[in-house]
Amino acid sequence: MAGLVTTFGAGAMTNSIGEIRDADFLFVIGSNTSEAHPIIAMEMKRAVHRGATLVVADPRAIWMTNIADRHLRLNPGTDVALLNAMAHVIIEEGLTDEDFIASNTDHFESVKAAVAAYPPERGEEITGIPAEQIRAVARQYASTRKAGIYYTLGITEHSHGTDNVYALSNLVLMTGHIGHASMGLNPLRGQNNVQGANDAGASPVFFPGYQRVDAAGIVDKYEASWGTELSRTPGLNLNEMMKVAGSTLKAFFIMGEDILLSEPNVSHLEEGLNDVEFVVLQDLFLNETARFADVIFPAACFAEKEGVFTNSERRVQRVRKAVEPPGQARADWEILVALANACGADWHYESPAQIYDEMVKDAPNFAGISHARIDERHEGLQWPCPSAEHEGTRFLHKGGILRGRGQFQAVEYRPSLELACEDYPLVMSTGRTLYHYNAATQTRRDPGTDEKQPEAFIEMHRFDAKKRGLADGDMAEIRTRRGRVECRVIVSRQVQKGCIWMPLHFAEARANLLTNDAGDAVTGTAEFKVCVAEVSRVQSAAPVDRSVDRSVDRFPGSYYSEGGAH
Amino acid sequence: MSGANKDKAELLERLAAAGGLKAGSATEVARQLGLPEAEVYGAGSFFHLLSDPETKLRVCTGLSCAMRGARDLLAQAQAAGMPVAECSCLAACDRAPALLRERSVLVDVKPEDIAQAEGKWQAVQGAELSEDWVGAIGCGEAVSSHLPIDLAGEMDVSGSAYRRAETLGAEAVIAALDEAGLQGRGGAGFPAAIKWRGVRAEPAAPHYIVLNADEGEPGTFKDRELMLRRPDKVIEGLAIAAMCLGAEDVYLYLRGEFRGPWLALERAIAAFAEAGLFPGIHFHLHAGHGAYICGEETALLEALEGKRGMPRLKPPFPTQHGLWGKPTLIQNVETIACVPAIVMQGGSWFRALGKTEPGTKLYSISGDVARPGTYELPLGISLDELAQAAGGYLGTLMAFSPGGASSGFLPASERGRALDFKGLAAAGSMLGSAGVVVLNSANSMIDAVREQLVFFENESCGQCAPCRVGTRFLREALDRKLRGESSQQSLAQVAEVAWEMNEGSICGLGQAAALPLTTALNHFPKALGSAES
Amino acid sequence: MGKTLELTLNGQTLSFGEGDTILDVAGRAGEEIMTLCHDPRLKPVGACRTCLVEIDGWRRLAPSCATKAEAGMRITTHNERIDRHQKALLSLYLSDSVSEEATHDTADASQLHSWAARVGAATDWPHLDSQRFERSDDRNPYVQFRADRCILCARCTRYCAEVESVSAITLAGRGSKTTIATTDARSLLDTSCELCGGCIDVCPTGAMTEKKPLAQRLKPARMLDKVRTTCNYCGVGCQMDLNVDRAAHQGRGQVVKISSPETGVAPNDGNLCVKGRFAYQFIDHQDRLQVPLVRGEDGELHEASWEEALQAAARGLQGVAKRHGADSLGFISSSRCTGEENYLVQKLSRAVFKTNNVHQCSAT
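Residue numbers (the numbering used here), protein chains in the order written: chain A, 1 to 566; chain B, 1 to 533; chain C, 1 to 364.
Since the hints were derived computationally from the structure, they do not count as laboratory data.
Worth double-checking, as some hints may not be accurate.
Stated by the list, open to error - Distance windows between CB atoms, simulated:
1) A:ARG232 - C:ARG228: 40 to 50 Å
2) A:ARG232 - C:HIS324: 18 to 28 Å
3) A:GLY400 - B:ILE194: 29 to 39 Å
4) A:GLY51 - B:GLY24: 30 to 40 Å
5) B:ARG164 - C:THR263: 55 to 65 Å
6) A:LEU95 - B:ILE194: 48 to 58 Å
7) C:THR76 - A:LEU95: 35 to 45 Å
8) B:ILE194 - C:ARG60: 10 to 20 Å
Positions of the beta carbon are idealized from the N, C-alpha and C atoms, including for glycine.
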């Protein structure tokens with residue numbers, strides 16, 4: 001988010017989802033699209049069926065690699081080396097868009113100087129991808145007009161996540177692949193309303209609409225609007241809050257998050273929470289964090305309330321009430337109003353529509369959006385949408401970079417904070433699966449998704465499993481410098497030798513007991529994607545449940561087949 | 001052809017090699033080829049030689065075999081506990097009844113052959129069709145050398161027609177086909193020259209040549225005979241087509257039961273190759289796996305591509321959008337075998353050979369005649385003339401089916417009508433494949449109609465409802481009739497269904513599948529019991 | 001854009017673009033043509049034969065879904081021949097399907113039966129017993145195949161191959177035995193199926209249907225309300241319709257099914273994934289919190305009234321602010337909640353408690 005704001009002036013997908021089908025070149029990096037964003041994957045499949053070239057850069061042989069023209073199997077955490085090497089080729093072979101660079105960007109020279117040190121051969125050394133492949137992909141990307149880049153947490157959840165985003169932005173800026181349909185740089189959002197939460201100012205540095213809390217004019221505006229004095233010091237980001245829980249932070253208000261499942265290095269967090277004096281939660285279910293709560297409010301779910309979600313492509317869409325909440329549960333907005341008033345405020349909101357109107361009044365990018373307009377149009381409105389007559393924006397940077405000039409940012413490859421060593425010889429990544437969602441409080445309460453994928457597991461290469469006497473379906477202990485969990489082993493062809501992968505959905509084997517909470521210097525986002533680990537067999541394992549085929553061929557007979565594409 | 005296409009094209013052959021669709025075999029073939037397993041399974045399940053590997057014996061219940069006791073043989077084998085089922089015409093009507101043991105065709109099967117096997121299907125014996133077999137092949141040696149196909153003639157691998165075609169050039173060859181008035185001999189009768197010109201004019205490359213040797217129309221066995229006896233004519237004709245249309249790859253699609261013809265073609269290809277002829281032209285033999293519909297040209301293309309043999313929509317026609325989407329010439333065995341003679345002797349020579357329409361025609365005749373067989377005769381002879389060549393009628397002529405099941409039935413009163421494209425169309429029938437089945441008065445008309453309806457019901461590909469549901473609807477209506485449950489209302493329904501099958505079906509199978517019933521209702525109202533009701 | 005092309009449809013002159021089908025042209029002109037196997041996301045196959053039209057100079061009727069418009073074509077979509085064809089065709093379909101009443105037990109409206117009624121298809125033709133294998137023992141939790149209503153339009157298998165691209169189901173067998181099958185008749189759980197449920201959504205007859213509503217004796221589609229909303233899982237923001245039984249749960253209402261919007265609606269074009277379409281049972285789950293809870297002196301959580309809970313929360317948060325200062329509070333908002341709710345959390349944090357310590361889990 002912060003990376004994109006710096007380079008382009010807006011932290012969101014540059015394009016619309018519906019434009020993916022018309023792209024001619026798709027570069028998918030750090031995104032297990034078919035599992036984490038199945039509907040976007042369908043658009044990509046459509047493009048491929050149409051004849052587009054798909055390149056997937058990922059340490060794992062994810063499903064998308066089966067329909068890809070090329071799979072760049074990079075070593076975990078080496079994205080910058082790959083992207084800089086691609087930039088090196090593009091510059092060396094004169095494939096840059098000099099006119100675009102001259103009229104729309106700043107600091108190209110610094111990037112030119114930095115990537116000079118990344119010939120593809122050095123890229124190969126670091127990433128493990130053959131230099132020729134790096135060259136070929138760089139050429140294809142640079143020379144295809146409708147070339148789009150798609151990424152998600154595999155890019156950002158690193159200690160150098162912002163560097164990764166900068167390196168991607170550099171590629172876009174030097175080729176001028178932006179400002180038109182089907183080309184650009186597209187972060188695919190993980191949660192239904194990540195975009196909307198950020199847009200609404202749930203951020204330590206921004207008011208709604210990315211207006212800084214330390215910018216005098218802005219704070220003045222909000223003080224006038226809200227009729228009260230406001231703090232002008234940026235607050236703590238989530239990662240920082242987790243680290244100082246119990247020391248400087250003494251109370252938490254938490255809405256709809258289970259921080260004990262979703263945040264990294266949770267054993268440290270649990271210790272901290274013991275010293276927190278007061279915790280208020282509002283949620284659908286009693287979650288892990290509820291053990292520390294003093295007050296818990298029962299909240300309504302999405303089917304029981306009105307409001308808006310904003311999706312990855314900046315489209316503000318309606319959430320509509322279909323049924324009444326159970327028992328005495330209330331919509332989160334109603335609870336918040338009551339809580340504010342109990343704390344002495346004097347809030348009067350009759351409806352989410354009214355709240356929305358108040359929000360957009362001071363946020364120019366959303367000024368033209370209202371519940372009434374969305375209801376009329378049947379397809380939401382994409383910001384920027386500055387006025388009630390504006391039709392919304394399908395793709396960003398049309399006719400020039402939003403922030404004025406695009407900012408090249410030279411970056412250097414920095415290894416991940418943890419590297420494989422004698423005690424922890426395996427590199428572990430975490431992620432999502434198709435059948436569950438985040439803490440799985442919803443999906444594990446559904447008999448279907450739960451049957452398809454009933455329990456926690458790690459994926460491991462045949463070689464590493466054999467070395468440890470592990471067979472498919474065995475129970476194993478996974479240890480990192482921060483903690484240990486037990487779960488099943490799937491001997492999988494998706495992961496490469498020396499790597500393991502673990503889904504983050506399962507409370508009984510919390511991946512985040514293991515992950516590293518060291519964060520990105522800019523965003524504070526933790527390095528969920530790389531930490532080092534060791535795995536060993538658990539002797540007293542329960543018998544293996546073979547009723548559901550979860551072995552090597554998790555997709556029996558499909559593209560994962562032995563003689564198939566991989 | 002891309003690598004992926006090639007892999008897929010192998011799908012059916014790999015499944016056959018794996019012994020058909022047994023549990024796990026589709027998955028295994030999918031692994032080998034890197035295809036989704038359901039695609040393999042779906043394709044395999046379409047072809048009865050693959051979908052049901054446990055059935056080892058298949059008794060042909062085509063009309064001619066049914067007239068010679070095929071259903072009794074079937075019942076006998078079932079009673080003996082053999083893994084047996086009925087199957088559609090095996091193109092051995094001249095030696096009925098026929099039976100398929102795994103992939104070998106046995107002919108002239110007698111009840112004793114089943115009895116002596118003592119329940120063991122492996123032990124069932126019968127005469128075999130092979131290239132050595134000599135049947136009735138024509139109407140006399142006297143005119144033999146003047147026949148374009150000349151079944152009794154010697155193999156000729158001199159390549160003289162091919163060389164002459166080279167000298168003439170493609171335009172002149174096509175002009176000769178035009179002048180000859182050569183119409184497709186597989187059933188549809190489409191002028192060959194138009195197809196050749198069409199493919200030649202297409203800018204897309206490459207061009208392909210495909211031989212349709214999936215002969216399966218009940219009553220038809222002329223292509224079998226031609227390939228067995230004159231494979232040289234077929235191969236040379238294909239080579240001329242490839243040369244004229246700029247094709248390098250020639251695909252020969254033979255029905256899977258045609259072991260003898262396959263070997264004969266292989267021998268001819270080898271002989272030409274040995275003589276150093278047709279350089280740069282690659283002949284690829286493909287075996288079908290049991291599906292009459294693959295004789296429909298676009299269904300054949302689908303099967304060649306390793307898919308379910310469901311006909312494509314036309315337009316676009318194969319000449320524009322054929323095998324793997326490329327311009328493709330598809331010709332029947334007999335059509336292509338006429339080409340060398342036309343090249344050598346000229347279009348007008350060929351045209352003059354016909355009686356009412358150009359050329360000679362291979363007529364298959366079976367049923368109640370003295371010498372069932374394949375006869376090369378002037379196009380447009382009458383049934384009486386054909387029967388005379390075949391040694392005369394047995395018994396009193398009641399009805400005949402002039403061109404396969406799809407041509408329906410005509411009454412004895414039509415015995416003098418010219419058996420040609422126009423004449424039969426005018427009678428509400430068609431020349432089709434010229435597979436003539438003769439029925440004398442000892443036969444039950446209603447049973448004969450039922451055999452044809454069962455055939456279409458079994459062989460409908462299932463893609464479109466008029467055919468899939470219509471064939472079943474008609475057969476059930478006839479069964480109700482046989483049980484005495486029919487009514488005037490059901491006759492009206494039958495008429496409506498028959499109309500819709502012709503109007504709404506995607507391909508020729510469905511469009512013609514009601515003809516056996518509707519022509520019989522027309523010509524034999526008494527026999528079908530519709531006159532009095 | 002190329003030059004303007006024109007054709008005549010039912011006497012009306014219409015312009016069209018390169019690559020348009022007759023169905024596209026007719027649709028834009030508001031001329032309704034019956035279709036069953038057509039879906040704009042799929043390559044046309046022309047297999048259901050309902051959309052046949054007459055083109056001057058063509059001997060045979062042509063499927064409008066698969067026939068490209070050509071300049072100068074003269075097309076008729078209704079005349080005696082076409083009407084007779086439609087009526088006979090749908091009469092045949094009905095003789096091979098279930099009765100209209102039998103379709104009432106699912107929440108999927110049968111397009112086949114509504115078209116049949118419109119064209120006046122015969123309902124008294126003899127019924128043909130289904131020859132189609134049903135795979136009734138499939139233990140997958142979501143998708144039920146009811147072979148007796150299948151018309152083999154192959155929308156499901158084509159969707160599975162062309163849109164979802166997993167090819168878990170296929171047309172299998174031949175002739176009247178043709179059916180929708182998995183490899184070796186395995187459960188969908190043991191195939192490449194990702195349980196997206198697209199097969200249910202594209203089915204025009206209710207042959208592919210949901211297991212859950214069947215178990216709940218779901219009411220017919222016409223008795224359910226549809227509420228268009230946005231999916232609450234990933235960031236794509238799929239539009240979906242919650243099918244609500246208003247009378248259920250003592251009038252509180254119950255979501256009994258989720259269906260796709262029509263194709264063409266952004267951003268998902270009628271597609272949904274397994275979570276969006278099926279994982280909604282949490283809404284009614286017994287674990288849902290129903291009353292406020294407050295931790296008592298005994299260290300346990302106890303049920304409390306809203307007033308008590310709100311007061312307790314206010315006292316607790318204000319107490320900490322008083323003791324340790326405003327910046328000792330942290331507000332964690334949620335990317336799962338609405339924009340309005342996120343707005344209120346940051347306003348609560350900033351305007352009421354005077355701290356910028358507000359964030360949520362979303363720093364991408």
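Going down the list of hints, with the structure as the test:
1. A:ARG232 - C:ARG228: 40 to 50 Å: Between A:ARG232 and C:ARG228, where Cβ atoms are some 42 Å apart, the hint holds.
2. A:ARG232 - C:HIS324: 18 to 28 Å: 20 Å, holds
3. A:GLY400 - B:ILE194: 29 to 39 Å: 58 Å, violated
4. A:GLY51 - B:GLY24: 30 to 40 Å: Roughly 35 Å apart at Cβ, these two residues keep to the hinted range, so it holds.
5. B:ARG164 - C:THR263: 55 to 65 Å: 59 Å, holds
6. A:LEU95 - B:ILE194: 48 to 58 Å: At 50 Å between Cβs, range holds.
7. C:THR76 - A:LEU95: 35 to 45 Å: The hint (35 to 45 Å, Cβ to Cβ) is violated, given that C:THR76 and A:LEU95 are roughly 55 Å apart.
8. B:ILE194 - C:ARG60: 10 to 20 Å: 18 Å Cβ-Cβ, so the 10 to 20 Å window holds.
Comparing the model with each earlier hint shows violations of hints 3 and 7; every other hint is respected.
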